[in-house]
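So the chains spell out like this:
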Amino acid sequence: MPLLEVKRLKKVYTTRFGGNTVQALTNVSFTVEKGEFTAIMGESGSGKTTLLNLIAAFDKPTDGEVLLNGKSIHSIREDEIAAFRRDHLGFVFQDFNLLDTFSIQDNIFLPLVLAGKSYEEMNRELAPIAKILGISDILSKFPYEVSGGQKQRAAIARALITRPEIILADEPTGALDSHATESLLKLFSEINKAGQTILMVTHSIKAACHAGRVLFIKDGELFHQLYRGSQLNAEMYQKITDTLTMIAAGGERFE
Amino acid sequence: MSRFFYGKIALNNIKRNSKTYIPFILTCVGAVSLFYNMYFLSVAKDIGSVSDNRSLRLILRLGAVVVGIFSLIFLFYTNSFLIKQRKKEFGLFNVLGMEKKHIARVMFYETLMTGTGGIVTGVLLGILVSKLMILLLLKIVKFKATFGFEVPVEAIGATVILFGAIFILNLVYNYSQVHRTKPAELLKSPNLGEREPKTKWFATIVGVLSLGAGYYIALTTESPLVALNIFFFAVILVIIGTYCLFTAGSIAFLKMLRKNKKYYYRANHFASVSGMIYRMKQNAVGLSNICILSTAVIIMLSTTFSLYIGMEDELRNRYPRNIMVSARNVPAEKAEELNRFIGEQVESVGANQKNIVYYRYMSFIVIKSGQEYVFGNSAGYAYNNSVLFTFITQEDYNRMENAQVSLDDNEMLLYAVKGKIPGDDISFNGLKFSIREHLSSFSIYEQSSSILAQSNYAVVKDTKTIRKVYSALNGDGDMGELSYYYGFDTDAEKDTQIELVRILRQKLGNVTKDGFVEGAEHERDGFYTIYGGLFFLGIFLGLLFIMATVLIIYYKQIAEGFDDRDRFNIMQKVGMSRKEIWKSVRSQVLTVFFIPLGAAIVHLAFAFKVITRLLLIFNLTNILLYAGCTLLVVFVFAVFYTAVYSLTARTYYRIVSA
Ligand SMILES: Nc1ncnc2c1ncn2[C@@H]1O[C@H](COP(=O)(O)OP(=O)(O)O)[C@@H](O)[C@H]1O
Ligand SMILES: [Mg+2]
Chain A
1 MPLLEVKRLK
11 KVYTTRFGGN
21 TVQALTNVSF
31 TVEKGEFTAI
41 MGESGSGKTT
51 LLNLIAAFDK
61 PTDGEVLLNG
71 KSIHSIREDE
81 IAAFRRDHLG
91 FVFQDFNLLD
101 TFSIQDNIFL
111 PLVLAGKSYE
121 EMNRELAPIA
131 KILGISDILS
141 KFPYEVSGGQ
151 KQRAAIARAL
161 ITRPEIILAD
171 EPTGALDSHA
181 TESLLKLFSE
191 INKAGQTILM
201 VTHSIKAACH
211 AGRVLFIKDG
221 ELFHQLYRGS
231 QLNAEMYQKI
241 TDTLTMIAAG
251 GERFE
Chain B
1 MSRFFYGKIA
11 LNNIKRNSKT
21 YIPFILTCVG
31 AVSLFYNMYF
41 LSVAKDIGSV
51 SDNRSLRLIL
61 RLGAVVVGIF
71 SLIFLFYTNS
81 FLIKQRKKEF
91 GLFNVLGMEK
101 KHIARVMFYE
111 TLMTGTGGIV
121 TGVLLGILVS
131 KLMILLLLKI
141 VKFKATFGFE
151 VPVEAIGATV
161 ILFGAIFILN
171 LVYNYSQVHR
181 TKPAELLKSP
191 NLGEREPKTK
201 WFATIVGVLS
211 LGAGYYIALT
221 TESPLVALNI
231 FFFAVILVII
241 GTYCLFTAGS
251 IAFLKMLRKN
261 KKYYYRANHF
271 ASVSGMIYRM
281 KQNAVGLSNI
291 CILSTAVIIM
301 LSTTFSLYIG
311 MEDELRNRYP
321 RNIMVSARNV
331 PAEKAEELNR
341 FIGEQVESVG
351 ANQKNIVYYR
361 YMSFIVIKSG
371 QEYVFGNSAG
381 YAYNNSVLFT
391 FITQEDYNRM
401 ENAQVSLDDN
411 EMLLYAVKGK
421 IPGDDISFNG
431 LKFSIREHLS
441 SFSIYEQSSS
451 ILAQSNYAVV
461 KDTKTIRKVY
471 SALNGDGDMG
481 ELSYYYGFDT
491 DAEKDTQIEL
501 VRILRQKLGN
511 VTKDGFVEGA
521 EHERDGFYTI
531 YGGLFFLGIF
541 LGLLFIMATV
551 LIIYYKQIAE
561 GFDDRDRFNI
571 MQKVGMSRKE
581 IWKSVRSQVL
591 TVFFIPLGAA
601 IVHLAFAFKV
611 ITRLLLIFNL
621 TNILLYAGCT
631 LLVVFVFAVF
641 YTAVYSLTAR
651 TYYRIVSA
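Line order of the protein sequences matches chains A and B. Using the numbering used here, you'd call the opening residue of the first sequence number 1 and step up by one each time. Using the numbering used here, you'd call the opening residue of the second sequence number 1 and step up by one each time.
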């Protein structure tokens, strides 16, 4: 059984005063196996964030369903959804979403505190993660005192500390400079090698190169997918570029 | 670009910011009409017919000054808050190609519109309610007379000039704000990278010390005259303490909570404690303002209200008998002559006499120094340890109390009005007396000596003994004769009593020098005028302060709503359920909201004693009455405050969940 199954997802947004409707997703299906590092690419406005929000149960689909370990996440009761998210999913956002009122350490602790863990336990969990992510020195600082790259590492630590089954990342490198991007992607690869399943939305080709598989979305539908297999980075880069060029040219689906 | 164009942009801006601008304009309208009315009353012709209208006008003029100063501070403060919120908007204009001078022009039109709108509407509203106000005032001072409708140009002029100046001041401030900031800064959202506040131990300690000192003064001041001298000082200390503790103390306290790992890392404390640190940083000044305004409103209303309610008592305390005659330096034979003279005059107007109190006395203000009482000069009034002794002879005592006391040279009877004197011996600068009896009742004690912390009546053998006390205290010098007091009640009509006082005053000079006549009825109208005027002022300023409090609360809720919305979103994404977030947010909002009221009530509790002392100066001795009025005012205010909270909280929750 795959870890994550996305079945015929459809999402139609209706603006507040009725009237206009936007079809963000038409019909998207795919699966993610345990231990995979999957990237989702597509032009701006193609529905990537919408897709991720549906997988995270931040929003309800118009049609279709999302299964995690065979269980439909949209059937979970409203008051249990927060706990479910905390226990099974980890999030990394483009704009980090760290709370200014907490130190880096407290930001990372937040999900554990909510789960009722003791301070000693939390510290035990944090120490190895902080070491891997290289943020041991900045734990007592506040978000506004550290760089974007460090903020994003903190956000990753927050996502990892609950040992989630899957990490969902929405353009995690979008707000970072090239140096920070590079080291963050290396980190993702390492975490993935250690067994962590990752689903990452990106429009950076360089970022997508690190993934084991790349899905392309166009106009709310799955357009194409690429497997990395044993290809080198450069080969992968070329293939992704080709696919994107085709999408931009309005080309038909192939393969 | 045409003038028309700027005007249009300005109008659009006001519309777009209506959530914050409409309350601001409404407050301007309120302040303008309150000021107009206060000024109007102080110059209104109708007031001229009230007795003692000069004091009343003085009170009203004072009220107008307070309203004016307060409006200036408050509208300036509110405007600076609004312009801070709008910096981003101006930054956008700037980036879109508007130069600063164009922005300034837009601001000019905005001010012109809000200013003119606020002033014109305020004056019209003021004129509309002015008739109501003067009727209310006349009713409160118990004066039945109403004339036509009056719109003094002077009042309109003063209002327009004052508020016009306030708007110009605000405009200048806004210009300087936009001029000083660079467009990049203007664009930056106001909360971006809000720093965690530092713990300011110095300010915390200053706060604790000054609040403690203020409370200490309030609790230890016994003498009303001392209270009058240092009340203002204590108020300043408490205000400083409030600001320091709200701004620095609260953060120091919260950070201490955060240091306690066991307490802090719990689901229901975690977000609240850190959220409160941030919230206090943003709101501390606003909250201190609310606290101080609330305290002021409650004190003003409860004191003026209890003074007004207890007016009959106060009149009686101030004038223990309907008619009172006193004179200095009156020998025994002269006293007989005065008694006869008064009797004749009373008869001449056909009035009767009852509850007659008549005696001769000599008063000394002394200071306790070790076991001795020593001479205190007149400045001694202002000390906590000054004590008043009024000496009378056993002859007068026996006559008034129907007693047959016979004292030795060094014996006295002592009646302590306020402050007990322990033991059976007393010494005046070496002159020793033994106290034969501590009297438990004394029929003449109503003599208004209540403004000193301690006051006693001493009965001694004769005038010679009193002279000895005088020499002991003053060294040499001639005491002269005793002073004379004669007071009585009468059933005569008010007009008769007033006539009698007039006659007595006219003729007393023929009998004795340094004579003095007072009549309760003669003063009654003046009493009503002053106490009623104070009560009216209390209501009026109370209204103004409440208006200000409501506006601060409203702005606080809006500002917090926008801040909390982002935090709320993040927490939800990270795995906090809506319910958990609401719980935490609610508890924070509630705490922040009710802290000022709680602090105000604590201030009131500490101020209670010193205020009862101050009320003594206004002849209010009924502490229970003041306590009751305070409780009533606190209750009404709390209900009102809670109502404002629930109304503004709705706006807050709507913003947060949008
Ligand atoms: N809450 C919303 N209400 C209405 N339309 C939305 C909403 N969120 C996204 N959309 C629309 O759905 C489409 C897909 O958006 P999104 O998923 O954010 O794209 P991406 O993340 O790929 O840039 C866009 O056309 C966007 O305008
Ligand atoms: Mg997106």
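Read the hints as simulated data drawn from the structure, not as lab findings. Here a beta-carbon is modelled for each residue, glycine too, at the ideal position from N, C-alpha and C. Careful, some of the hints might be misleading.
[Unchecked claim] Simulated crosslink set (DSSO-like; lysine-lysine; CA at most 27 Å straight-line):
(1) B:K45 with B:K131
(2) B:K573 with A:K10
(3) A:K141 with A:K186
(4) B:K45 with A:K131
[As the list claims (entries may be wrong)] Chain B stretches covered by chain A per the calculated footprint, using a threshold of three residues with CB under 8 Å from any CB of chain A:
(5) 272-279
(6) 345-354
(7) 574-587
[Unchecked claim] Short derived list, chain B residues pointing at chain A, Cβ under 8 Å:
(8) E196
(9) K198
(10) K200
(11) I539
Out of the numbered hints, which ones does the structure contradict? 4, 6, 9, 10 and 11
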